[in-house]
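These protein sequence lines map, in sequence, to chains A and B.
Quick note, the first sequence lines up with residues 1 to 370 if you use my numbering.
Quick note, the second sequence lines up with residues 1001 to 1291 if you use my numbering.
These are calculated hints, taken from the structure and not from any lab test.
Keep in mind that this is a model prediction, so the values were computed, not measured.
Where is the CB? At the ideal position from N, CA and C, for every residue including glycine.
A few of these clues could be false.
What the hints assert, rightly or not - Computed footprint of chain A on chain B, listed as stretches where at least three residues anywhere in the stretch have a Cβ under 8 Å from a Cβ of chain A:
| hint | segment |
| --- | --- |
| 1 | 1083 to 1095 |
| 2 | 1263 to 1271 |
To be verified - Far from chain A by the CB rule (all over 10 Å, computed), these chain B residues:
| hint | residue |
| --- | --- |
| 3 | Met1048 |
| 4 | Leu1099 |
| 5 | Ile1133 |
| 6 | Thr1167 |
Listed below are the residues making up each chain.
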Amino acid sequence: MKLGSYEIKLEKRVALRGWEATAISTFAILFALVVFSFVFVQAGVDPLTGYKEIFSFAFLSSFGLPLTINRFIFLLLCTYAFIIPMRAGLWNIGMAGQLYAGMLSAFAVAFAFGGKGSQGLTLSPGFVIPLMIVAAIVGSAASGAIAGFLKGKFNTNEIVVTMMINFITFWVVARMIKEGGLFMGSSGEGEGFKLSEYLFAPLIKGIPFTVFIALGLGVLLWFLFAKTKLGYQIKVYGKNPIAAKYAGISPSKIPVMVFSLGGLIAGLAGYHYFAAVPGVYKITKNYGEFGDLAFYGIICGLISQGNPLAAIPIALLFGGLTNGGRFAQGKLKLGFGIDYALLGVLMITLVAFQFFYRYKIVFVKTEKEK
Amino acid sequence: MWEFFVRSLDASTIFTIAALSELLGQRSGILNVGIEGVMLFGATLGFMVAQSTGSYLLGFLAGIVIGGLIGLLHGFFSITLGSDQVVNGMGIWILGFGLTAYIGYPYTGPLGMERIPDIFGLSPFFFVGVALIVIAWFVLSKTSLGLKIRSVGENPSVAEVSGINVTRTRYLSVITSGMMMGFAGAIYSLDYNPVWSNNFLMGWGFIALALVFFSMWNPYILLAGSILFGTLWQLSLNPQLVLPGLMSRYIWRTVPFIITVGVLMLMSTKWFRTRWGAAKPDALGLPYIKS
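Looking at chain B on its own, in the form it has when it is part of the complex:
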């Protein structure tokens, strides 16, 4: 049972970092529905580099760098060209999904490196995740940079008039966000489950995207949601640990997705929105063209 709990927290780490990265981008008004694609890139490139060089550090760096580059690409399409952010995000997801299937294939199989040492049984990245949540909360709500990010996400024209460079702030957010997505992917393939197989994320990125909507754009609620979904995910993989023989293991795999739909539905009801006042950034998904 303890092991199950620890594994759940390990899984939640990936949801935490991935969803936090999306939250950061969305706070600046940039929606990236291609998060799963960026994570696939980070996971695959991180895996390839770590295996070829034998260095975890280089693997993680590769994941972070490719994530940042994809974030830059998303920024170029969404900020500079002002194209539809959903289309761009879809493009990034399909690019990641298609290209990593091809480039990663020769690396199919286990990583074959000594496991990253744990701290009290937990992955060290769990603590990194919690620290990132606190940092993100602090930066977003207590610093002038956070105010800038939030204001370009709420009302870019007013932000521009008050002297904030909207383009620069959005680029900064979207690139940092991409780097964190790549990092989250690399944690999956180098620490959580160090085996490469085709399209192995199977929905982690999309659940992380949904988690941002659940969190009402608040990092602490996001952390709680990530732990809940990490546990759910772990339960769906190993139901025999908790409820042996209840349902087919394949049906267990559907549980996190069904609950995601259910919670998402609840959160979008009028009752919920008026009761809890979701803090959705006003300019989310809208291109800003300086006039």
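So that you can see chain A by itself, here it is in the shape it has in the complex:
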């Protein structure tokens, strides 16, 4: 295409530099937010007012900020659960199932040691709380490992398998907390039992300690990908599994490894939201919504291009947007599901912008014809 004395051409990128990825990702998010303003307009709300409400509640109000931080931790963990398999070229869309598995395992420990409601603990919380975390990790890693094992051993499609496990675990949770299930709460209204106060996870200045786990994992994963042998093997497998095999990297080991690690982190997200967030401390009736929220992990993972440190600000932004969105929905009388709509718009914008991660637009000055 020609524009004046310039010719516009598409050129395939040889490598994507850090700043280029950042610029494209930022632009993609801004573009999605502009597109999303149509939802406000359609609902008869000035988009600027809408966004102002969302951001001021999410980041500036003393009531909204802690909620944003809790969501941020949850989303960041879900993002890491997605990123690790993504680095190996595999799709983990089973964060929901894995976080339910982690949540169930943690509550099973609490239940076993008498942490249900006002019952007395049989052991000290200093022992039971770490045990809950370990159980969450083990349970969810096992859940993730299924997809990894099937992928590595039989090359079974991991997208279908992880999605099936999401549904399976969703119904297992229902079995446990409803209609006389073991974890049913005393009120019997379709939610789980409340944790005994002793088992509330420690707070640091009102923020669950899990924030340090999430941020620490970011650094750890960065190190894993950049500096370790395993990180290198994951990358090689992700680029070309067949070449990886010839390089001596076991094609059955890597999928199990990345899915177990991913699952493990999703389990921490399950522990975080249901056992560490103030005011929750139980398997809530709407646990399915948190499974849905986990899909933001996919978007964060794709926007950050699998970079665990870049994922931090993105998860914080989305934590704020979803949290503020729910608030604005009530305040501005928008329809239900504004956070779901945003999820959809962000995702499809990002898919469209993928193109720019691979191609760049160049302007070439054409010589004037004499």
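We have chain A already, so just place chain B on it with the hints.
Coordinates of chain B only, in the frame set by chain A:
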């Protein structure tokens, strides 16, 4: 028991049409993992239009049109831009899942229209589904259009050299496929279970995707698989009809998903692949860039 059987066939109709649409796209080399999202769009828009206009016909048309448009979008990303088809499909699924939750919410509840009349107790769409299977088989294996579709799915460069327009053939397949996905969704929300609630498909699209892998890309095996899964699904919803008091109803709901994983695993074993020679299209999921 008869009623259970009939309901199972009704359920299998949706699996049949949805999975057949995916099969068609995959035969041309385009993988759409976002089938559940397209079905949600078809189901939700079909429901909204039917309820507002009082016309089933317009409802189904809306479902088919939106499905076709989403198919076109998938085609644009996957064929024209040549982006990763799995990412595009995921995008379409999440777009459908997110946006329909928002736009459909005011319509929560029953459709409130007279039910579509049945034929011998069966939904008329069951017969449509069987007819579509026969048509798809005929077109794919007996006509020159079918040969074109299959060849762009197996080896697009060779197809191009032999004078087939790869881009046009793939667009045609992916749009038709989207229209059928939207139609399948609309059958769910207008005929099978005419009540709108948030994210009500709960995995139908993903099971349909798995069914295509089970079918080894053969429409007749796909029909058999759909009937099997329709029955399983119905059993998981109403276990008391067949095996009362055996397990919690929630555990029954997990059964179709567990069996899907089991069958999918069996189908991907080396033994199965060498014994039955799965006819997976060679160029499935690969973008084609004309050189």
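Which hints from the list above does the structure break, by number from lowest to highest? 4
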